[in-house]
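Number of protein chains: 2
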Amino acid sequence: MNGAELALRTAVDLGVEVCFANPGTTEMELVAALDTVDLRSVLCLFEGVATGAADGFGRVTGVPALTLTHLGPGFANGIANLHNARRAHTPVVNLVGDHATWHLVADAPLTSDIESLALPVSRHVERMTAAAHGASAMTDAVRAAIGPPSGVATLIVPQDSAWGDAGLHDVPDPIELPETVSTDAIGAAAATLRTGDGTAVLLGGVVCAEELDAAKRISDATGAPVWIDTFTAVVEQGRGLPTFPTIPYFPEQAIEALEGIRTLIVAGTTQPVAFFGYETVGRSSLLPAGVEVITVAPPGERGHRGLDAVVDALECPAAAPDERPAVDLPTGDLGVGSLGGSLAALVPEGAIVVNEAATSGLGWGAAASGAAPHETLSLTGGAIGQGLPCAVGAAVAAPDRRVVAFQADGSGLYTVQSLWTMAREGLDVTIVVCANRAYRILQVEMHRTGNTDPGPAATAMTELAGPAPDWVALADGFGVDGVQAATLCEAQDGIRRGLAEPGPFLVEVLL
Amino acid sequence: MNGAELALRTAVDLGVEVCFANPGTTEMELVAALDTVDLRSVLCLFEGVATGAADGFGRVTGVPALTLTHLGPGFANGIANLHNARRAHTPVVNLVGDHATWHLVADAPLTSDIESLALPVSRHVERMTAAAHGASAMTDAVRAAIGPPSGVATLIVPQDSAWGDAGLHDVPDPIELPETVSTDAIGAAAATLRTGDGTAVLLGGVVCAEELDAAKRISDATGAPVWIDTFTAVVEQGRGLPTFPTIPYFPEQAIEALEGIRTLIVAGTTQPVAFFGYETVGRSSLLPAGVEVITVAPPGERGHRGLDAVVDALECPAAAPDERPAVDLPTGDLGVGSLGGSLAALVPEGAIVVNEAATSGLGWGAAASGAAPHETLSLTGGAIGQGLPCAVGAAVAAPDRRVVAFQADGSGLYTVQSLWTMAREGLDVTIVVCANRAYRILQVEMHRTGNTDPGPAATAMTELAGPAPDWVALADGFGVDGVQAATLCEAQDGIRRGLAEPGPFLVEVLL
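Protein chains in written order, with this note's numbering: chain A, 1 to 511; chain B, 1001 to 1511.
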């Protein structure tokens, strides 16, 4: 067998199931090897779709997907969504083809410094040095992706390593995850929670139902408030699940909300900082000065194990069941609030909602706790164009669940090619495009800089007008059916239709 | 004035005219400053459109355009087309916003190593350190972009440098280009050409009519064959212009074509190497072993000055006028040959043809020398998704000329958002999409690896089917009119209509 086949076989041996691919000439051996292993390969028309899909897949399953991209420039097209995966600590393994080793010195047109491009988004970068290296190099990459901490690993495959004879294939040892928690941190967290005031808990990363329950028990027993990061890789939400506030996006509001905290217990994340540094705010931290931070689970580890240990240490009683009513289907005018409420009323139990709705998502954020139990995936790294690809990956990961891509129009256009992969793979994704035809957040941010009356050039840079993109036509171009909705009734009908039909369906909601 | 305005004013002082932008929050001061200077700002819906447009603009004008992108992930989306610009030695100045300096240590969600991302595609990377640094930092960047050698420069603008008070604005000294040629190289080239056999000339980079004329005079006087690089930044072509063969793409054919060369005189390029390293070829150089290479103009300099000096040294007589007939409008079946011939018969004088037609462009390559005089821009770096953005930039650069985007369907989908900018700016671009609904070159390359019967997984990775993208619908979604052509007559009618109408028009040709 050649090195390409050895690398892919090793990945499959270690539990990898899917490859999101956009290959080129240097990847032909890897492409041919796809037919020799039990690996689902999913073609994407743009690399950012492949990497965002791997992010979505890894968030939902905890298992790394492969991406397959073409040398430095092809990989570079996937960096933005790998940045989001990095911030989400999603396990991902990138395979990047490169020229045959002996061809690199020729500085051929596609030659570039792949390592320099990969390092900013990868916790592990390795280069195959020979065909027989395929087994250990892939094992290193999968181990680095799974962690803990989990994250993005990049394996560069020179084409001579792919085509070379790799010899025999040994099944690698399975990867065993350590079961440790920091006893010191658990003890310190329990001690400060016992003594009372000024202690809060912050959840982030992948926030599952068990973690929410543990946080609720701690909060009920000690009175400590619980916060959730503004952007989480995954959070379970909906009726029957404990609900906690998220940290506000703008730093002035966040700083006010977190006032009075003296000790912060963090699980699966780090202490909160402002998304951007504003001249008028002049600081990065959202916490009061001098706050002590106790980390019961670092980023890239599931937070519930740390919190469970705190629950045990404090002997917290079971939490009372949460009996919130279902959210009512809104009536009246179409707007951000009524659209979010409609989505919350209509999503089925077990849905995966990929939320890149930006400013149009505020209504959903307010209503989601009254929806049927579901998972929400959000934009962890701020690199827009994540929603549609992430929905592709989530739908591949969970074919028996309904995926909703709740999508801002401006962000969605970065990786609109995702729609084709949804159509080709017949993925059950309901795409709700919030068409406000503007980079609305930038209009807000322009005001925040004190520029409340921008000139025509600046204004033109924040408007998706002249012409407004037609999302139903774009969807049609990629083989996805859709409707445009100008009223709340039309939006609700469109969402219902999307949720009922197999395969992808797009609703462009004119806000 | 603040640092953002100072930087933009300095750029305008140095001759910069256009900014292709896809900004975010950290660029708000730069966006606001667009209204304070005489700079055309063009919004793109994806960063790869902005960088590819700057490449097209710089190739046509020789003047750098600005790009404006959002931190590391936004910039990363533009890397692929900057890679092409780097290989074309196109002058480009990237402005990349970054967090305020004091916010970097917080490692906020969008923080990343911008320098590591920028270096592989930039010959100059600098970071503004204060608002008042805007003048000298911008001057450094524009100088680096103009060269010689020309190329890509990247200026990182932390937001506190943009919003800070920059003091007064001094007009910078104009940039003066040196007028040197290498006397030694000219002498050596003339000497080897005088002595006869085994000397050939290779043209690359920006190949203008003057350079073609000089090469023709040298060839007529000495018998030396002249070659043109497989991919050039710009080449003038058409009736009345000397015509020379391009080096074949596949290395076996190129090696055979270049057999017998003992000395190669290169102008505006480097010695030729294979695009990819093949196991069956086993070498990178396309030249016979031991060839002496004489560089009369290095890459990133216009080759005609070096060749003009050789003409003078050899006292070559004027070349006889080239009286080729116009290409006839083909009849019969629609195919790669008849489509390329049709385009050659129909393009008007002075057109700019951006050729990213890949395997579908072979007919054009054969017929272009019989077309009306025009310029062709091609894919210098192999990073696909260059054609449509490059056409945007070319059309902004030359509003009085017709731009033809001759485009492969697979490549075109990487940066399909370009169509919106064409519509918004009313650019006179005729888009001819060669819809073979496959990554045809990969099907060829798969065969070349010896895998002549790929399995279903590998086959699926090279087919744009199930569903086939509908380009007319996609164009409609972005506000561009178009037609689908299934016959040669329909293709010719569509091209005629596109060339006649103002603004963009798309013809999807089913091959």
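Just so you know, these hints were derived from the structure itself, not from any lab.
Watch out, some of these pointers could steer you wrong.
Facing chain B, according to a computed beta carbon distance under 7 Å, are these residues of chain A, among others [unchecked claim]:
{"no.": "1", "residue": "77"}
{"no.": "2", "residue": "108"}
{"no.": "3", "residue": "113"}
{"no.": "4", "residue": "277"}
{"no.": "5", "residue": "280"}
{"no.": "6", "residue": "281"}
{"no.": "7", "residue": "424"}
{"no.": "8", "residue": "474"}
Take a look, some chain B residues computed to stay more than 12 Å from chain A by CB distance [what the hints assert, rightly or not]:
{"no.": "9", "residue": "1086"}
{"no.": "10", "residue": "1177"}
{"no.": "11", "residue": "1178"}
{"no.": "12", "residue": "1210"}
{"no.": "13", "residue": "1239"}
{"no.": "14", "residue": "1283"}
{"no.": "15", "residue": "1315"}
{"no.": "16", "residue": "1320"}
{"no.": "17", "residue": "1326"}
{"no.": "18", "residue": "1332"}
{"no.": "19", "residue": "1338"}
{"no.": "20", "residue": "1379"}
{"no.": "21", "residue": "1401"}
{"no.": "22", "residue": "1457"}
{"no.": "23", "residue": "1500"}
Yeah, the Cβ is synthetic: ideal placement off N, Cα and C, and Gly gets one too.
Worksheet item: For the hint on residue 113(A), does the least C-beta distance to chain B fall short of 7 Å?
Response: Holds: closest Cβ of chain B sits about 4 Å from residue 113(A), inside 7 Å.
Worksheet item: Any Cβ of chain A at or closer than 12 Å to residue 1332(B), or is the non-interface label fine?
Response: The assertion about residue 1332(B) holds, with a minimum of 30 Å to chain A.
Fill in: residue 474(A) as chain B interface residue, shortest Cβ-Cβ below 7 Å
Holds, because the Cβ-Cβ distance from residue 474(A) to chain B comes to roughly 4 Å (cut-off 7 Å).
Item to complete: Mind verifying the non-interface call on residue 1239(B)? Its CB should be farther than 12 Å from each CB in chain A.
Response: Check passes; 30 Å lies beyond 12 Å.
Worksheet item: residue 1086(B): least C-beta distance to chain A exceeds 12 Å?
Response: violated (8 Å)
Worksheet item: Is the Cβ of residue 1457(B) farther than 12 Å from every Cβ of chain A?
Response: Non-interface label on residue 1457(B) violated, nearest chain A Cβ at 4 Å vs cutoff 12 Å.
Worksheet item: Are residue 424(A) and chain B close enough, Cβ to Cβ, to be under 7 Å, as the hint says?
Response: holds (5 Å)
Discussion item. At 12 Å, judged by beta carbons, does residue 1500(B) keep clear of chain A as stated?
Written reply: The claim holds: residue 1500(B) sits with its nearest Cβ about 21 Å from chain A, beyond 12 Å.
Worksheet item: Does the claim that residue 1401(B) lies off the interface hold, with its Cβ farther than 12 Å from every Cβ of chain A?
Response: Residue 1401(B) is indeed farther than 12 Å from all Cβ atoms of chain A, at 23 Å.
Discussion item. According to the definition I'm using, a residue is off the interface if its beta carbon is farther than 12 Å from all beta carbons of the partner; does residue 1338(B) meet that for chain A?
Written reply: Nearest chain A Cβ is 26 Å from residue 1338(B), so the label holds.
Practice prompt. Decide, holds or violated, for the assertion that all CB atoms of chain A are farther than 12 Å from the CB of residue 1315(B).
Written response: holds (36 Å)
Practice prompt. Verify the interface restraint on residue 281(A): the C-beta must sit less than 7 Å from at least one C-beta of chain B.
Written response: Violated, about 10 Å.
Checked against the numbered hints given earlier, the structure breaks hints 5, 6, 9, 14, 20, 22 and satisfies all the rest.
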